[in-house]
Amino acid sequence: MSNFSTATSIASNVATGSQSAASVVEEHLQRIGQREEEVHAFNLVTSAEARERAADLDARIARGENVGPLAGVPIALKDNMCTRGIPTTCSSKILEGWKPPYNATVVDKLFAAGAVFVGKTNLDEFAMGSSTENSAFGPTRNPLDTSRVPGGSSGGSAAAVAAGFAAVSLGSDTGGSIRQPAALCGVVGVKPTYGLVSRYGLVAFASSLDQIGPFSHSVADAALLTEVIAGHDPMDSTSIPKPAPSLVSVLGRGVEGMRIGRVADLPEGADADVLARLDAAFVALEKAGATIVDVKLPSLSYALTAYYLIAPAEASSNLARYDGVRYGNRVAANDMNNMYADTRAAGFGDEVKRRIMLGTYALSAGYYDAYYGKALKVRRLISNDFAAAYANADVILTPTSPTVAFPFGAKTDDPLTMYLCDIFTIPTNLAGHPAMSVPFGAGQANMPVGVQILAPTLGEEAMFKVAAVLESAA
Amino acid sequence: MIDNGLPEGWELVVGLEVHVELATKTKLFSGSPNRFGDEPNTNIDPVTLGLPGALPVLNEHAVELAMRIGLALNCTVKPSTFHRKNYFYPDLSKAYQITQYDEPLNVDGFLMLPGGVRIGVERAHMEEDTGKSTHFGGAGGRIHGSDYSLIDFNRAGVPLVEIVSHPDVRTAEQARQYVNELRAILVAVGASDAKMEEGSMRCDANVSVRKYGAALGTRCEIKNVNSVRSLGKAIEYEARRQIDVLETGGTIRQETRHWDETDGRTHTLRAKVDANDYRYFLEPDLVMLAPDAEWVERVRAALPVLPAARRANLAALTGAEEDSEAIAVVVERGQDTYIEEVKNSGGDPGRALVWVQQSFAEEGNAPRLPAKDLAALTVLERDGKLTATQAKTVLGDMLVAGGGDPAAIAASKGFEALDTSVIEGFVDEGIAAQPDAWAKYCAGEEKAMGALVGTIMKLSKGKADGKVVTAILQQRRGS
Amino acid sequence: MSERLSAADVAKVARMARLNISAADVKRYTQQLDGMLDHFADIDNLQLADVQPMTQPFPLVNVLRADVEQPCLDREEVLSAAPAAEQGRFRVPPSGGEDE
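These protein sequences, in sequence, are chains A, B and C. To get our numbering, take the position in the first sequence, counting from 1, and add 475. To get our numbering, take the position in the second sequence, counting from 1, and add 5. To get our numbering, take the position in the third sequence, counting from 1, and add 2.
Chain A extracted, bound-state conformation (with noise of 0.2 Å):
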């Protein structure tokens, strides 16, 4: 692990007044101050704002208040997240300056937590992408080899995290959004239960998958997080009606006598490399006390194309109320259509656009029942595979990326080599099931290696349960 303060540390030692909000800030704003020209994990730095909160925190915690269980900490947060009065671009031309009027739920909790903002995240242009190179503001840079990707499409967060920039920082996951970024970049990353944590406030890409989650470099930072974010949220019908769950206190209770599935057929792709540090992840449950458990997932080979048929489709729709109309960039003409089709076609890059457009495709008049329609039904398929592997393991294990970090460049000549990236952390999204990533060594280059935990729905005390014990055996 990191040589950097965590999350919960820092949480108590403000919370007791060993330590002040704003020293903890100065600290992290000087790293920022030093490497991030070089990484650029940040589309917005908020010192300002963020010197203000801390100074405020420290002046209630010296009235004896009680400001939440992230008191101090600096959190950053993916620039698809609504943030009010502060730009949230989504990484995109179209969204260039755009000031949301409302926070994201999300964002309120962390506030009610008394966490500290200091900026937000670059990321793939409205989170399409793996690499972050999608972003119309540049690309971020892995922090541990700057001549390699961070991930994506939250790749900001991510390198933020394994920069010291921030102490925890959240992403989403649509497809492995959140989990791949963690696993090049070494840190923690958490996919929770769909609808566990609420997306208003998010912007959307695919709404049937979407989901926010942590990045942190210790288990117990993304427990702690994740507690706080999760919860029921009356503005979101899609969140379960249900408290969020208890996290941090499952962290000690090890791995006897639970069952950790191997997938027996697994999608091939996976790097020599990454898979001997996911067989080692096996030997150290093992050594534990868990048994491990063959199980069969005959349709997670058809994944990755019901994903790419589904969320473009959902972000086709998701993405048409950008037209230039209430907000945003316009650019001007003298019809309506052509003001639509011209704002959109500069405002959207081409990962964007190509979405946009197969997912149109996908769902129109005389297509719908052989692309859109056809994946609802591999999805279906997906997760009755899930259902009857759950029924004989608490979780599984499989890589979280094919490959380490690799270089800029080595996957833009074809689109499909990029969605190759998410063969193993689709099939989370479409059932609707958490998964984690849990640094586990490192892999070729010396970077490091993820190894991807997955759990059923409402699973999260067993992959958190997994997570410790890899932690502290990696």
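Among the hints, erroneous ones may be present.
To be verified - Heads up, simulated EDC-like pairs for lysine to aspartate or glutamate below, C-alpha to C-alpha not over 20 Å straight-line:
id	chain 1	residue 1	chain 2	residue 2
1	B	LYS228	B	GLU252
2	C	LYS14	B	ASP282
3	B	LYS238	B	ASP8
4	C	LYS14	A	ASP889
5	B	LYS228	B	GLU167
6	B	LYS30	C	ASP46
7	C	LYS29	A	ASP889
Calculated directly from the structure, the hints in this document are not laboratory data. This structure is a prediction, so every number in the text was calculated from the model and none was measured.
Dock chains B and C against the given chain A, drawing on the hints supplied.
Coordinates of chains B and C only, in the frame set by chain A:
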């Protein structure tokens, strides 16, 4: 054959689509006020404006009202889903409308027209309204040739129910009756104020024609009808237009046509480059709506007596024809309960109906005149103590005073019904005074009676009961 | 190339999605999208007749809210973010009349 006003052999086939704004406090998917007439863009929120990150949450009261409508139209309430209807237009803030597509809330109902014709209702589903565009520059506020448009999103997100009938309507008059009856139902159940002039009820007609016995013709959708009267005119125009086309060897193109009130015709909208492909798919931000049996029953049990039932009840009570104008008017005014009260006070409901229809136009559903007073008046009439003409005068005084004892008022005016033998005497005098009229009447000329009756009434100074006079004349004639 | 998708298809879809793209871009996207659809053909031969489509991962029913007014957005804040506004409303160029 029904009289549809068309050339012989032609049948008119009409289906009606009615959009109704629900009388909720807030919008369908967000908490902004559902209010007409406020300053533009003051009833807005992230959902209404389609801001990035906004999410819809369904209004429970809108569902309640939608169910009331469905149940009042004899529909079955079913588990239902919401879909996105995707298209681009500036007053559609998300570039999709959330509506119900293949699984609507209410299905398979019907509406009975006064007179007994049954119009099937295919579905009544929920959807959100759009904002409002106003066009500037160019000629007269129409979109073609305008310079720019201004958009107000106050109306965006207002809850609508779309009621789709089966193509069972066969005349323009039936179409008008359907809309009027529907409106009465909507108001009665409290779902909407349903005012076409204000836009809280909007009506489109799908019109086609065919020869009797032939397959259904191609239909055209007629939009921009702003009153019930226009609806009838537009349907009649469109039917004749289609017949003209067909009779001269042409074919009807399936299209949407715009009714123009000023020139009294329907016009084709500009041909579209790409017909809209709405790319419907299930709305992922909403979940299934499946009201349980208890909720449905609660709504059903709480429905008021509907206009059709009220008309039937009033007809049974008064002996009038169910589809008579008197019954329709009195029920629409909400004065049928009053007539019941008159009956319960011992009055004659048939006479009460006549007086209420004639004289209570401004009284609303709680007439000031105490029911027992009107009851007493009708009793005097029924017992032959007052003629109709006399009763009318007495009623006039009672209405002005807001009540009164009709017997006393009649006495004070010197009204009294005459004894039959006295009337017989006046009849004798009348026949003697009008020998020619009497001869003609005896020969069968009914019109001659008028002169006789007129003379007799004058002789009796208006106190003879006209009905009794007529009866005596008929008797004397032997008919 | 498998020709699942032609340049005409792409041009039509771009119009439907309101994206004014150049002819050169249409050509490039056609190649890329066609390649994708070729890859996605792996689901073509799956037997799916008896499989229920899955649209929502966590099946909830009847999520409703009370009909109670909530605070609205401030009109000035909203209109200040608009590309063009006038008389309290959003201003747009006239339509070509397509979608009345």
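So, going through the hints one by one against the coordinates:
1. B:LYS228 to B:GLU252: Violated: LYS228 (chain B) and GLU252 (chain B) sit about 25 Å apart, past 20 Å.
2. C:LYS14 to B:ASP282: holds, 11 Å
3. B:LYS238 to B:ASP8: At roughly 16 Å apart (the allowed maximum being 20 Å), ASP8 (chain B) and LYS238 (chain B) satisfy the hint.
4. C:LYS14 to A:ASP889: violated, 23 Å
5. B:LYS228 to B:GLU167: Roughly 14 Å between the alpha carbons, so the hint for LYS228 (chain B) and GLU167 (chain B) holds.
6. B:LYS30 to C:ASP46: The given pair, whose Cα atoms are some 49 Å apart, is violated under the 20 Å limit.
7. C:LYS29 to A:ASP889: holds, 15 Å
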